[in-house]
Structure formats: C-alpha cells, structure tokens
Amino acid sequence: MLKNLCQKMFGRSLWVYHANSGGCNGCDIEVLNVLTPYYDVERFGIKLVGSPRHADVMLCQGPAMRSTARALRAAYDAMPAPKLVFAIGGCACGGGIWHDTYAVLGPVEKVVPVNYYIPGCPPRPEAIIYGVAVAVGLVDKKVAPVEFKQMKLPFPSYHPEDLRGHGEMVVYEKAEKI
Amino acid sequence: MSMVSKWKEALVGLRAGRVTLDYPAQPRPTPEGFRGRPIFDAQKCIGCAGCANNCPAREILVFDVCQEVRILQYLGRRCTYCGRCADVCPEKAITMSRDFETATDKIGDLEQKLELFMSTCQRCGRCFKEGSPLDQLKLKGYRFDDLANERWIFRSRAYLESEPVVDDIKIELD
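So the sequence lines, in the order shown, correspond to chains A and B.
Position 65 of the first sequence, counting from 1, maps to 68 under the working numbering, and the rest follow consecutively.
Position 172 of the second sequence, counting from 1, maps to 1086 under the working numbering, and the rest follow consecutively.
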C-alpha cells in the first residue's frame, strides 16, 4: 500500500531535504556524490532543496543526538503532509558505533518515523540510489532475514558412562550421532 | 563573438561524451577489496562468540538457551562492515560479501540468526555451567544478551536490570 501510495504521490519527482543530526559527514559526502554527473539522480527528478517546507523526503544522516533530537523533530514536523524519511548510514539506521554513549539517543527512528533504511558506513552512492529506487518502485529489495538451525551435531558425541574397557582398547558404546 | 564561444562550448560538451552511469538498470561492479554485508555460514560456525566479543558496534548478540543450544544473532543495522568478525573467526565462517544493495523498508530484513548446537565436553560429559546466574556471568563463554530488546548486555549487568536505565527519549522530546 505504501508502494502504491509512493508511485501515485511521488511519481514525478522527489524533493529531498538533507538533515544531518550529528553524523561524521561521511554520508553527507556520499549523498552529494549522488548528485554529481556520474550518479545523476536528477534523471529521476530528485532535487536537493534547502528547506524542509519544500521537501517530500528527509534524508537523515547521523544518530539522534541529545542536542539535535528536538531540531530533527521540528524539521520533520515542518515538512508537508505526504512525507517519507530515509535513514542513510549505520548511524541513522541503528545508532552507530557510539550508540551507547551519553550524547547519543540512538537511531533516528526513536525521534522520527523512518520509512526506508539504507545501511552502510557510509553507503556507496549506488546503495543510496538503490534505496531511492526501492522507494520509488523501480527495483525490488534484495535482503531478507536469514535464520539457520543446526539440528544435528556434525560429529558423534560420547559419554564416559558408555565407555567400556575391552582388552587393551577402549570401546565407546552408543557412539551414534545425535 | 559570444555566440561563437557558446557553439564552441557546445562542441566541447558533445565531444566529452556521457559519464552518467545507468545504475539501477545496469549492475555496477564493486572495486577490488570492497567489503559489504557479512555472511554467516552456520555449517562452519562453532559458536565461539569471538565475533560477538570483537564487534565494535556490538551488533552480534549471543544468548545461551541451554547447554546445547546457543543463539547467535547478527543485526545488520549499525554494522560498519569493518571485517573484524571475519578476521577473528577461527573457522572462517564469516565472509565479507560484496553485497551493498541492502536498502530495505524493514530494518529486521538485515538480521541473520543462527541457532547453534553446542556440544558437551567429550572428556567429562558435564557442562561448564555454574550453579547461580551470577557465577555464570563470571565464566567467559557464557553470554546472555537481551534478544527481545536487541541490546548487548555487559557481563556484570545481565539479570540485574533488563530494562533500559533511563528513558531518554521522553525526557528530550517533551
């Protein structure tokens, strides 16, 4: 439903606002790299604007910090109604390396609702374009949660109660695999 | 005069060609030595939790359900792809893939969860488990991270406080 809404609402162009709430500027440089002629995102109609009041999408970089959480929330509230938030980078997605220090509150989803996550430290420009393309509906997402269970022990297990002396040799009984 | 210079500029622009990559339509190869998302191989993993102890972002959680079953959970959210887990893995069960297209709309898509079968000691058959939870925490092998809240728990605080200490968000936003 969100995808259909995206295609309907943002079919023509996304105007993005670039909010750094305390990151290291790595992701900012990658976002600006996306706007260069090599990764020209203006072919998708994406344009960088300077005010959240003009924007459809907020690109969040950096964790939600104690000093900037309120400003980030105010910038989110200033955006007009159909709005998306992209969390770009490991800090915005999960709080970053210093997620447990006193100045960092955690990921930006603690302060503003996040619609799309682009992890990486920093993500490649291609990864950012891929995230935007997932949001617009050009490509499908590739990741899925993986769960693996080792049901069997890969080698036989022995127990000392099953150990019997046989001549000079030691014989294990019940040496089957679990 | 200015017209001529404009035409010259246009000619230069035509000669320069086009540099824009047709990225989402065409795949883009990664450079040599690029580190992307780590992939955990559960067949090779012996559950030593060296990756969890060395992760700078505390992204790998370990929870010992019982003597035989250990859960190792990788949440890919704040991973910086530094590759230290792959370096310390004695069995080379973690490979840094070249997968960078990990954008998603649900953060839970990034996680990998291994339910590992740990064996008992072949010599004595008894477990290494200590009697009380506090004694278990002193043992180096045992980890009881908070899987529900997805938090890495320091050794001395497990079982003592499972709730977050201060609810910072409510203080800051009100």
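Derived by calculation from the structure, the hints in this document are not laboratory data.
Treat the hints loosely; a few may be bogus.
Claimed, not checked - Okay, derived cross-link-like pairs now, BS3-like style, lysine-lysine, Cα gap no bigger than 27 Å in a straight line:
id	chain 1	residue 1	chain 2	residue 2
1	A	Lys86	B	Lys1020
2	B	Lys1027	A	Lys144
3	B	Lys1020	A	Lys152
4	B	Lys1027	B	Lys1006
5	A	Lys50	A	Lys6
6	A	Lys152	A	Lys50
7	A	Lys144	A	Lys86
8	A	Lys113	A	Lys86
9	A	Lys144	A	Lys113
10	A	Lys86	A	Lys50
11	A	Lys6	B	Lys1020
12	A	Lys152	A	Lys6
13	A	Lys113	B	Lys958
14	B	Lys920	A	Lys145
15	B	Lys1027	A	Lys152
16	A	Lys144	A	Lys6
17	B	Lys1020	A	Lys50
18	A	Lys145	A	Lys86
19	B	Lys958	A	Lys152
20	A	Lys152	A	Lys113
21	A	Lys6	A	Lys86
22	B	Lys958	B	Lys922
23	A	Lys152	B	Lys922
24	A	Lys86	B	Lys1006
25	B	Lys922	A	Lys145
26	A	Lys113	B	Lys1006
27	A	Lys144	B	Lys922
28	A	Lys145	A	Lys6
29	A	Lys152	A	Lys86
30	A	Lys144	B	Lys920
31	B	Lys1027	B	Lys920
These numbers come from a predicted model, not from an experiment.
The hints, checked one at a time:
{"no.": "1", "hint": "A:Lys86 x B:Lys1020", "in the structure": "holds, 17 Å"}
{"no.": "2", "hint": "B:Lys1027 x A:Lys144", "in the structure": "holds, 20 Å"}
{"no.": "3", "hint": "B:Lys1020 x A:Lys152", "in the structure": "holds, 23 Å"}
{"no.": "4", "hint": "B:Lys1027 x B:Lys1006", "in the structure": "holds, 17 Å"}
{"no.": "5", "hint": "A:Lys50 x A:Lys6", "in the structure": "holds, 20 Å"}
{"no.": "6", "hint": "A:Lys152 x A:Lys50", "in the structure": "violated, 46 Å"}
{"no.": "7", "hint": "A:Lys144 x A:Lys86", "in the structure": "holds, 21 Å"}
{"no.": "8", "hint": "A:Lys113 x A:Lys86", "in the structure": "holds, 17 Å"}
{"no.": "9", "hint": "A:Lys144 x A:Lys113", "in the structure": "holds, 24 Å"}
{"no.": "10", "hint": "A:Lys86 x A:Lys50", "in the structure": "holds, 15 Å"}
{"no.": "11", "hint": "A:Lys6 x B:Lys1020", "in the structure": "holds, 13 Å"}
{"no.": "12", "hint": "A:Lys152 x A:Lys6", "in the structure": "violated, 33 Å"}
{"no.": "13", "hint": "A:Lys113 x B:Lys958", "in the structure": "violated, 37 Å"}
{"no.": "14", "hint": "B:Lys920 x A:Lys145", "in the structure": "violated, 46 Å"}
{"no.": "15", "hint": "B:Lys1027 x A:Lys152", "in the structure": "holds, 8 Å"}
{"no.": "16", "hint": "A:Lys144 x A:Lys6", "in the structure": "holds, 12 Å"}
{"no.": "17", "hint": "B:Lys1020 x A:Lys50", "in the structure": "holds, 25 Å"}
{"no.": "18", "hint": "A:Lys145 x A:Lys86", "in the structure": "holds, 24 Å"}
{"no.": "19", "hint": "B:Lys958 x A:Lys152", "in the structure": "holds, 12 Å"}
{"no.": "20", "hint": "A:Lys152 x A:Lys113", "in the structure": "violated, 32 Å"}
{"no.": "21", "hint": "A:Lys6 x A:Lys86", "in the structure": "holds, 13 Å"}
{"no.": "22", "hint": "B:Lys958 x B:Lys922", "in the structure": "violated, 63 Å"}
{"no.": "23", "hint": "A:Lys152 x B:Lys922", "in the structure": "violated, 67 Å"}
{"no.": "24", "hint": "A:Lys86 x B:Lys1006", "in the structure": "violated, 44 Å"}
{"no.": "25", "hint": "B:Lys922 x A:Lys145", "in the structure": "violated, 46 Å"}
{"no.": "26", "hint": "A:Lys113 x B:Lys1006", "in the structure": "violated, 36 Å"}
{"no.": "27", "hint": "A:Lys144 x B:Lys922", "in the structure": "violated, 45 Å"}
{"no.": "28", "hint": "A:Lys145 x A:Lys6", "in the structure": "holds, 16 Å"}
{"no.": "29", "hint": "A:Lys152 x A:Lys86", "in the structure": "violated, 40 Å"}
{"no.": "30", "hint": "A:Lys144 x B:Lys920", "in the structure": "violated, 45 Å"}
{"no.": "31", "hint": "B:Lys1027 x B:Lys920", "in the structure": "violated, 61 Å"}
Going down the numbered hints, you'll see the structure goes against 6, 12, 13, 14, 20, 22, 23, 24, 25, 26, 27, 29, 30 and 31, while the others check out.
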